[in-house]
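Based on the sequences and whatever the hints tell you, model everything.
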Amino acid sequence: MATTRRVALLFPGQGSQYPRMAAGLYGQVEVFTDTMDQAFESLGHLGVKLRDEWRSERPGALFDDVVRAQPLLYAVEYALGRTVLDWGVRPAAMLGHSVGEMVAATLSGVLSFSSGLRLMLDRVEQYAATPPGGMLAVAASAADVTAHLTGTLAIAAVNAEQQTVVAGERAELAALTRTLRDRGFTCVAVRANQAFHSPVVAGAARRSVDAWSAVSLRPPHTRLYSARLGAVLGSAAAVDPAFWAMQPAAPVLFWPTLDLLLRDESVLLVEVGPGQGLITLARRHPALQSGHCDAVGLLPARAAGPDAELAALRAAADRLAADGHIRPGAAAPSIEARSGV
Amino acid sequence: MAMFTQADLVGYMRRAAGEDESISLDGDIAEVTFADLGYDSLAVMEIASLAERELGVRLPEETMAGVETPQQFVDLVNEQLPASV
Numbered sequence: 001m002a003t004t005r006r007v008a009l010l011f012p013g014q015g016s017q018y019p020r021m022a023a024g025l026y027g028q029v030e031v032f033t034d035t036m037d038q039a040f041e042s043l044g045h046l047g048v049k050l051r052d053e054w055r056s057e058r059p060g061a062l063f064d065d066v067v068r069a070q071p072l073l074y075a076v077e078y079a080l081g082r083t084v085l086d087w088g089v090r091p092a093a094m095l096g097h098s099v100g101e102m103v104a105a106t107l108s109g110v111l112s113f114s115s116g117l118r119l120m121l122d123r124v125e126q127y128a129a130t131p132p133g134g135m136l137a138v139a140a141s142a143a144d145v146t147a148h149l150t151g152t153l154a155i156a157a158v159n160a161e162q163q164t165v166v167a168g169e170r171a172e173l174a175a176l177t178r179t180l181r182d183r184g185f186t187c188v189a190v191r192a193n194q195a196f197h198s199p200v201v202a203g204a205a206r207r208s209v210d211a212w213s214a215v216s217l218r219p220p221h222t223r224l225y226s227a228r229l230g231a232v233l234g235s236a237a238a239v240d241p242a243f244w245a246m247q248p249a250a251p252v253l254f255w256p257t258l259d260l261l262l263r264d265e266s267v268l269l270v271e272v273g274p275g276q277g278l279i280t281l282a283r284r285h286p287a288l289q290s291g292h293c294d295a296v297g298l299l300p301a302r303a304a305g306p307d308a309e310l311a312a313l314r315a316a317a318d319r320l321a322a323d324g325h326i327r328p329g330a331a332a333p334s335i336e337a338r339s340g341v
Numbered sequence: 342m343a344m345f346t347q348a349d350l351v352g353y354m355r356r357a358a359g360e361d362e363s364i365s366l367d368g369d370i371a372e373v374t375f376a377d378l379g380y381d382s383l384a385v386m387e388i389a390s391l392a393e394r395e396l397g398v399r400l401p402e403e404t405m406a407g408v409e410t411p412q413q414f415v416d417l418v419n420e421q422l423p424a425s426v
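So the protein sequences, as listed, match chains V and U.
All residue numbers for the first sequence refer to this note's numbering, where the first residue is 1 and numbers rise by one.
All residue numbers for the second sequence refer to this note's numbering, where the first residue is 342 and numbers rise by one.
Hints in this document: simulated from the structure, not taken from any laboratory.
Treat the hints with caution; some may be incorrect.
Said to hold, decoys possible - Some but not every residue of chain U turned toward chain V, in silico, with C-beta under 7 Å:
{"hint": "1", "residue": "Gly359"}
{"hint": "2", "residue": "Ile364"}
{"hint": "3", "residue": "Ser365"}
{"hint": "4", "residue": "Gly368"}
{"hint": "5", "residue": "Asp369"}
{"hint": "6", "residue": "Gly379"}
{"hint": "7", "residue": "Leu383"}
{"hint": "8", "residue": "Glu387"}
{"hint": "9", "residue": "Ser390"}
Unchecked claim - Computed far set for chain V versus chain U, every beta-carbon distance over 12 Å:
{"hint": "10", "residue": "Phe40"}
{"hint": "11", "residue": "Gly60"}
{"hint": "12", "residue": "Val124"}
{"hint": "13", "residue": "Arg207"}
{"hint": "14", "residue": "Ala211"}
{"hint": "15", "residue": "Glu265"}
{"hint": "16", "residue": "Pro300"}
Quick caveat: nothing in here was measured; it's all calculated off a predicted structure.
Even glycine gets a Cβ: it sits at the ideal position worked out from N, Cα and C.
Here is the structure:
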């Protein structure tokens with residue numbers, strides 16, 4: 001039965017990656033496969049390494065590092081997004097967390113995928129040279145966490161009213177973890193080797209302005225809720241190279257931005273990336289609790305193997321068809337084409 | 342404490358949600374996944390640490406990683422509580 005809800009795409013960020021994320025779709029889902037191949041080929045030597053790491057059950061120590069996680073998340077999420085658009089979904093809005101915001105920008109026409117891949121090569125180079133750092137998720141409000149911050153430590157993300165991420169240099173982050181645990185806070189390390197969304201990476205962000213200036217930027221054709229701004233992205237910011245270059249050093253205002261999106265309209269949130277971290281947070285929002293809005297993930301909530309990934313994708317397609325966002329059966333050919341079913 | 346019930350767990354879940362008061366935990370949620378209820382792994386760890394502090398049970402992160410539903414959580418706690426007299 002068709003509903004009046006529109007579709008909003010959510011793109012997760014650093015920390016959502018897991019070994020073989022979405023690899024179960026490779027060779028099975030045509031658009032996804034072709035897009036991943038395009039990414040690996042465009043990335044040259046890095047692309048060869050990325051392909052091996054992505055398909056490995058036990059990727060190397062760099063898997064959570066900027067040099068692997070960021071280009072892989074960017075490519076995998078873009079390829080998943082292309083798949084959904086290929087089914088005929090016409091999203092009313094997009095919202096990306098961290099590197100997911102760059103995927104949203106690409107799918108909404110701000111930059112091309114080939115430009116995005118070139119920028120990923122630059123990002124790998126600039127950010128790999130930043131001081132060893134990390135990120136810590138804390139089950140507490142930003143206000144409660146802020147009182148304990150020292151030195152390079154900064155609020156990197158506001159994920160929910162009771163979930164805040166801190167980033168900073170490694171030793172300081174370790175000391176903060178001890179302090180917070182002693183005081184009864186629950187904390188868990190985010191899978192990251194750099195202090196993204198903190199002043200620690202501001203120098204790398206500034207150095208990437210040149211690469212962004214060399215790229216053609218256009219206003220988005222689909223409404224883009226920017227977690228950097230906590231607002232809808234306007235044309236001026238969309239075409240400003242410095243806005244995008246500095247985005248990885250600025251806090252991710254995910255919850256306030258999501259709140260704005262959910263207040264603006266009735267939507268079916270679709271998580272376009274590994275896991276279901278963002279829609280799990282979204283389920284705490286009154287708009288989802290009341291049934292006004294709802295959510296579905298394209299992939300399982302946690303790493304579960306290729307069959308579970310294909311099953312989750314089919315279930316998401318069925319849900320989109322049931323709600324009238326795509327024609328019944330529209331997704332089947334692209335999912336079944338390579339498997340010969 | 343004789344037995345840890347779903348109602349006890351819901352109490353912890355509400356406390357862990359804090360200001361997120363809108364979370365609805367009514368009805369039969371025993372087999373609904375924590376993720377579908379809006380509780381990610383960090384929020385489940387928060388519930389586990391409340392239970393550890395107040396019930397004296399041990400709920401290490403490795404064990405909690407396999408706990409996906411309120412029923413599994415309740416069962417895990419009850420395995421560790423001393424039998425009632």
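Hints, one by one, checked against the model:
| no. | hint | result |
| --- | --- | --- |
| 1 | Gly359 | holds (4 Å) |
| 2 | Ile364 | holds (6 Å) |
| 3 | Ser365 | holds (5 Å) |
| 4 | Gly368 | violated (13 Å) |
| 5 | Asp369 | violated (17 Å) |
| 6 | Gly379 | holds (4 Å) |
| 7 | Leu383 | holds (5 Å) |
| 8 | Glu387 | holds (4 Å) |
| 9 | Ser390 | holds (5 Å) |
| 10 | Phe40 | holds (31 Å) |
| 11 | Gly60 | holds (23 Å) |
| 12 | Val124 | holds (28 Å) |
| 13 | Arg207 | holds (33 Å) |
| 14 | Ala211 | holds (34 Å) |
| 15 | Glu265 | holds (18 Å) |
| 16 | Pro300 | violated (10 Å) |
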